[in-house]
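Each chain is listed here by its residues.
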Amino acid sequence: MVRAAVVAEPYHVEIRDIPKPSVEANDVLIKVEVAGICGSDLHLFKGTHAFRKPPAVLGHEMAGTVVEVGKNVKKFKAGDRVTVEPQVGCGQCRYCGQGLANLCLNKKVPGTPSWVGTFVEYFVAPEETVYAIPESLSFAEGLMAEPLAVAVHAVRRAELKPGDTVAILGSGTIGLLALLVAKAKGIETVYCTDVVDFNLEMAKKLGAKAAIHALREDPVEKIRSWTDDVGVDKVIIAAGPGTIIDQASAITRRRGRITLVAMITKPIPVYTYSFVFNEQTLAGSQTYQSQDFEEAVRLLSTKEVDVSSLITQELSLAETEQGLKMLADKAGNIVKIVVQP
Amino acid sequence: MIGITKQTAAPGATWREDLPVPEVGPGEVLVKVKATAICGTDLHIYDWTPWAQARIKPPMVFGHEFAGEIVEVGQNVTGFKVGDRVAGETHISCGNCYFCQTGDQHICADMKIIGVHVPGSFAEYISIPVSCAWKVSPSVSYEDAAFLEPLGVAIHGVLSGEIGNQTVAIFGCGPIGLMGINVASASGANQIFAIEPIEEKVNLAKEMGATTLLRPGKDDVLQAVMDATNGIGVDVVIDFSGSAKAIQSGLQILRKGGRMTLTGLPNLPVELDLVDGVIYKEARINGTTGRRMYETWLQADKLFQAGKLNLDPAKGGTFALKDFEQAFAAIKAGKPGKMVLIP
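The listed protein sequences correspond, in order, to chains X and F.
When you read off a place in the first sequence, starting at 1, and then add 36, the result is the number in our numbering.
When you read off a place in the second sequence, starting at 1, and then add 9, the result is the number in our numbering.
No wet-lab data here; the hints were simulated from the structure.
Quick caveat, the model's predicted, so the values are computed rather than measured.
The beta-carbon is built from N, C-alpha and C at its ideal position, and this holds for glycine as well.
It cannot be assumed that every hint is accurate.
What the hints assert, rightly or not - With a straight-line Cα cutoff of 25 Å, these simulated BS3-like cross-link-like pairs (lysine-lysine) come out:
{"#": "1", "chain 1": "F", "residue 1": "Lys215", "chain 2": "F", "residue 2": "Lys317"}
{"#": "2", "chain 1": "X", "residue 1": "Lys143", "chain 2": "F", "residue 2": "Lys265"}
{"#": "3", "chain 1": "F", "residue 1": "Lys43", "chain 2": "F", "residue 2": "Lys317"}
{"#": "4", "chain 1": "X", "residue 1": "Lys143", "chain 2": "X", "residue 2": "Lys111"}
{"#": "5", "chain 1": "X", "residue 1": "Lys197", "chain 2": "X", "residue 2": "Lys219"}
{"#": "6", "chain 1": "X", "residue 1": "Lys107", "chain 2": "X", "residue 2": "Lys67"}
{"#": "7", "chain 1": "F", "residue 1": "Lys265", "chain 2": "X", "residue 2": "Lys144"}
{"#": "8", "chain 1": "F", "residue 1": "Lys331", "chain 2": "F", "residue 2": "Lys344"}
{"#": "9", "chain 1": "X", "residue 1": "Lys89", "chain 2": "F", "residue 2": "Lys265"}
{"#": "10", "chain 1": "X", "residue 1": "Lys302", "chain 2": "F", "residue 2": "Lys265"}
{"#": "11", "chain 1": "X", "residue 1": "Lys144", "chain 2": "X", "residue 2": "Lys111"}
{"#": "12", "chain 1": "X", "residue 1": "Lys302", "chain 2": "F", "residue 2": "Lys254"}
{"#": "13", "chain 1": "X", "residue 1": "Lys144", "chain 2": "X", "residue 2": "Lys107"}
{"#": "14", "chain 1": "F", "residue 1": "Lys43", "chain 2": "F", "residue 2": "Lys331"}
{"#": "15", "chain 1": "X", "residue 1": "Lys221", "chain 2": "X", "residue 2": "Lys245"}
To be verified - Take a look, some chain F residues computed to stay more than 10 Å from chain X by CB distance:
{"#": "16", "residue": "Asp27"}
{"#": "17", "residue": "Pro29"}
{"#": "18", "residue": "Gly49"}
{"#": "19", "residue": "Ile65"}
{"#": "20", "residue": "Pro68"}
{"#": "21", "residue": "Lys90"}
{"#": "22", "residue": "Val91"}
{"#": "23", "residue": "Arg94"}
{"#": "24", "residue": "Glu171"}
{"#": "25", "residue": "Lys215"}
{"#": "26", "residue": "Thr221"}
{"#": "27", "residue": "Tyr303"}
{"#": "28", "residue": "Asp310"}
{"#": "29", "residue": "Leu312"}
{"#": "30", "residue": "Lys331"}
Work out the full structure, taking the sequences as your base and the hints as a guide.
Below is the structure:
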């Protein structure tokens with residue numbers, strides 16, 4: 037048996053013993069050194085996740101050490117430091133055929149009946165989802181490959197071009213990582229917003245041209261005034277209040293592009309007139325393709341993107357519920373909380 | 010000259026036979042209007058809705074979809090001469106703003122619109138900047154040429170993404186929706202679902218190239234589209250209705266990775282399920298407005314030259330200009346197709 041953090045019912049996490057996973061021929065067994073708390077874990081914790089429902093083991097971000105490999109595994113051996121791309125496409129649908137496992141009609145992800153979550157002592161993953169991380173990265177930094185891949189994909193969906201002005205709404209993990217990716221791609225002008233001073237300070241430190249407190253100041257007025265009342269070329273939405281789409285539209289220039297990565301779990305009213313009148317595009321961004329995950333691991337390994345300052349809390353597995361509540365209440369200076377199973 | 014004016018700040022319009030022929034300024038051409046069509050915008054002006062009240066300064070001739078013959082050219086006009094047959098582009102762009110200077114005059118930040126900000130085409134003559142005159146070939150009738158402006162709206166929306174061999178759902182079978190169906194068909198769309206609750210309107214879609222007609226309220230749109238697309242959904246959704254229900258339904262029937270174009274103007278915010286409708290699907294929703302200057306006009310020309318368009322089913326009726334009240338009444342009675350006035 038192995039220990040796991042399970043959302044037994046909404047707002048209640050139990051540490052339970054679950055069976056140690058078996059290692060099939062193409063599998064890698066990994067001792068989980070760290071697992072990360074993501075916003076989607078909060079949705080599971082609150083019972084609002086679209087397809088992860090209690091009872092379920094939390095987590096899909098992790099990094100660890102290989103302890104055992106199946107007989108067909110070629111690339112890894114015991115002792116390797118690794119992280120995992122936590123999605124497996126069916127390989128047979130029209131989307132998998134185009135390299136779009138993120139849109140797969142039958143994909144397998146952790147925290148569901150088909151694959152346990154990563155808040156466990158030992159985690160099994162098929163070889164094709166496992167990526168080596170160098171000694172120069174801590175396990176916690178290695179775990180950041182997953183949210184970084186989300187940001188890499190969102191930035192790719194945003195179709196940033198040299199010289200673009202960009203606004204990133206929300207400076208949580210994904211917003212800040214999108215900022216880092218945009219900066220790494222040579223984008224100079226990135227405006228960030230948030231409602232927590234700590235996150236705004238972080239955005240500034242990581243290269244935002246300005247960081248706007250969205251409750252104390254009006255991001256629309258500020259950003260339009262900084263862009264000759266034209267608006268920015270591209271907006272990435274990484275925060276989910278019910279007015280965020282309309283705000284994004286008002287910040288974006290005509291024929292500009294808005295990329296939505298934040299999970300807005302309830303239907304919200306959207307003033308689509310503005311998208312028509314201003315010929316704007318709203319594009320959804322769903323997790324990542326494998327090419328984005330590879331890019332994320334590369335950006336971390338080469339230190340083109342330094343995520344070390346984003347890891348703000350390290351907790352024990354027993355403190356998982358506390359960590360989820362901290363993130364839900366934004367109690368303290370939080371970006372990424374990791375737990376050590 | 011004869012014409013129709015929004016005479017006072019009140020519903021209705023006034024027939025006039027004593028209007029002065031407009032003066033032809035430098036860079037303008039005087040057009041004898043041969044055909045002018047009624048747009049939804051004109052209905053707002055006619056009914057004096059809040060939209061119109063905020064924009065129109067009576068007394069003024071309105072109307073902006075038109076075609077005619079040049080009878081006089083102003084100073085500094087080159088490239089046009091008396092006798093040229095032209096259709097009217099409605100947009101008068103400023104030429105100086107960010108959008109004009111980056112090739113997107115049709116979304117000019119300081120746009121003036123014929124028949125809204127300056128006198129319109131419901132009259133015997135109209136004087137327009139040469140930038141609003143588009144030469145039409147002799148093979149295109151004046152009535153068809155008067156349809157080029159709204160046809161351009163349809164073309165811009167339909168061709169704002171891939172369309173050849175795509176499965177397409179088009180919401181709204183008003184004149185622009187019908188023309189959009191015809192453009193999608195002419196551009197090689199694979200299946201075309203025409204979705205419109207009014208029976209008389211949706212039936213016309215068949216003649217425009219629609220392969221399946223669906224009436225929300227009577228037909229289960231989601232089920233019908235999924236059955237016809239192996240449960241995948243359509244590649245492209247184009248909304249010409251502006252209806253909240255259409256936009257919501259469109260996001261449901263759109264396949265993953267699909268394109269949804271919004272061209273119809275909604276009045277109110279629309280409740281959207283952004284997780285299932287946009288993120289999980291990686292949908293791309295793009296708005297289009299008006300027509301590109303002048304890419305869309307060239308596209309219209311090519312489609313016409315190739316004989317691929319048949320706008321007749323989108324024609325609701327032709328009226329003498331002085332019978333404008335009958336034409337407006339026909340629209341309000343729900344008669345399908347676009348109404349044309351002949352001065």
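Structure-based check of each hint:
Distance check on the hinted pair: Lys215 of chain F and Lys317 of chain F sit about 15 Å apart at the alpha-carbon level, within 25 Å; holds. Among the hinted pairs, Lys143 of chain X with Lys265 of chain F is consistent with the structure: their alpha-carbon atoms are about 14 Å apart, no more than 25 Å. A C-alpha spacing of about 24 Å is found between Lys43 of chain F and Lys317 of chain F, which places the hinted pair at or below 25 Å, so the restraint holds. This hinted pair checks out: Lys143 of chain X and Lys111 of chain X have alpha carbons roughly 23 Å apart, not beyond 25 Å.
For the given pair, Lys197 of chain X sits about 12 Å from Lys219 of chain X by alpha-carbon distance, which is consistent with the 25 Å threshold. Taken as a hint, the Lys107 of chain X and Lys67 of chain X pair is honoured in the structure, with Cα atoms around 18 Å apart against an allowance of 25 Å. Of the supplied pair hints, the one linking Lys265 of chain F and Lys144 of chain X holds, its CA atoms being roughly 17 Å apart against a limit of 25 Å. Annotation: proposed proximity of Lys331 of chain F to Lys344 of chain F holds, straight-line Cα distance about 19 Å (limit 25 Å).
About 23 Å separates the Cα atoms of Lys89 of chain X and Lys265 of chain F, which keeps this hinted pair within 25 Å; it holds. Taking the CA atoms of Lys302 of chain X and Lys265 of chain F, the gap is about 20 Å. The hint holds against a cut of 25 Å. The straight-line distance between the Cα atoms of Lys144 of chain X and Lys111 of chain X is roughly 22 Å, inside the 25 Å bound, and the hint therefore holds. Under the criterion of a C-alpha separation no larger than 25 Å, the hint pairing Lys302 of chain X with Lys254 of chain F is consistent with the structure, at around 17 Å.
Among the hinted pairs, Lys144 of chain X with Lys107 of chain X is consistent with the structure: their alpha-carbon atoms are about 22 Å apart, no more than 25 Å. Proximity of Lys43 of chain F to Lys331 of chain F is assessed by CA-CA distance (about 14 Å); at most 25 Å being required, the pair is judged to hold. Restraint check for Lys221 of chain X and Lys245 of chain X: the C-alpha separation of about 15 Å stays at or below 25 Å, so the hint holds. Look at Asp27 of chain F: its CB is around 37 Å from the nearest CB on chain X, clear of 10 Å, so calling it non-interface holds up.
With a cut of 10 Å on Cβ distances, Pro29 of chain F stays outside the contact zone with chain X, its closest approach being about 34 Å. Against the 10 Å criterion, Gly49 of chain F stays outside the reach of chain X, whose nearest CB is about 13 Å from its own CB. Against chain X, the non-interface label of Ile65 of chain F holds: every CB pair exceeds 10 Å, the least being about 18 Å. Remark: the non-interface label on Pro68 of chain F is consistent with the geometry, its nearest Cβ contact in chain X lying 28 Å away (cut-off 10 Å).
With a cut of 10 Å on Cβ distances, Lys90 of chain F stays outside the contact zone with chain X, its closest approach being about 35 Å. Non-interface call for Val91 of chain F relative to chain X: holds, since the shortest CB-CB distance, roughly 37 Å, exceeds 10 Å. The beta carbon of Arg94 of chain F is kept farther than 10 Å from every beta carbon of chain X, the shortest such distance being approximately 30 Å. For Glu171 of chain F, the condition that its CB be more than 10 Å from all CB atoms of chain X holds, with the nearest at approximately 14 Å.
Listed as a non-interface residue, Lys215 of chain F keeps its Cβ farther than 10 Å from every Cβ of chain X; the least gap is roughly 27 Å. The non-interface label for Thr221 of chain F is consistent with chain X: the shortest C-beta to C-beta separation is roughly 21 Å, beyond 10 Å. For Tyr303 of chain F, the shortest C-beta to C-beta distance to chain X comes to about 16 Å, beyond the 10 Å cut-off, and the non-interface label holds. Distance to chain X confirms Asp310 of chain F as a non-interface residue, since its nearest Cβ pair spans about 22 Å, more than 10 Å.
Taking the minimum C-beta to C-beta distance to chain X, about 22 Å, the non-interface status of Leu312 of chain F holds against the 10 Å cut. The Cβ of Lys331 of chain F sits about 34 Å from the closest Cβ of chain X, beyond the 10 Å cut-off, so the non-interface label holds.
Consistency with the previously given hints is maintained throughout, with no hint failing.
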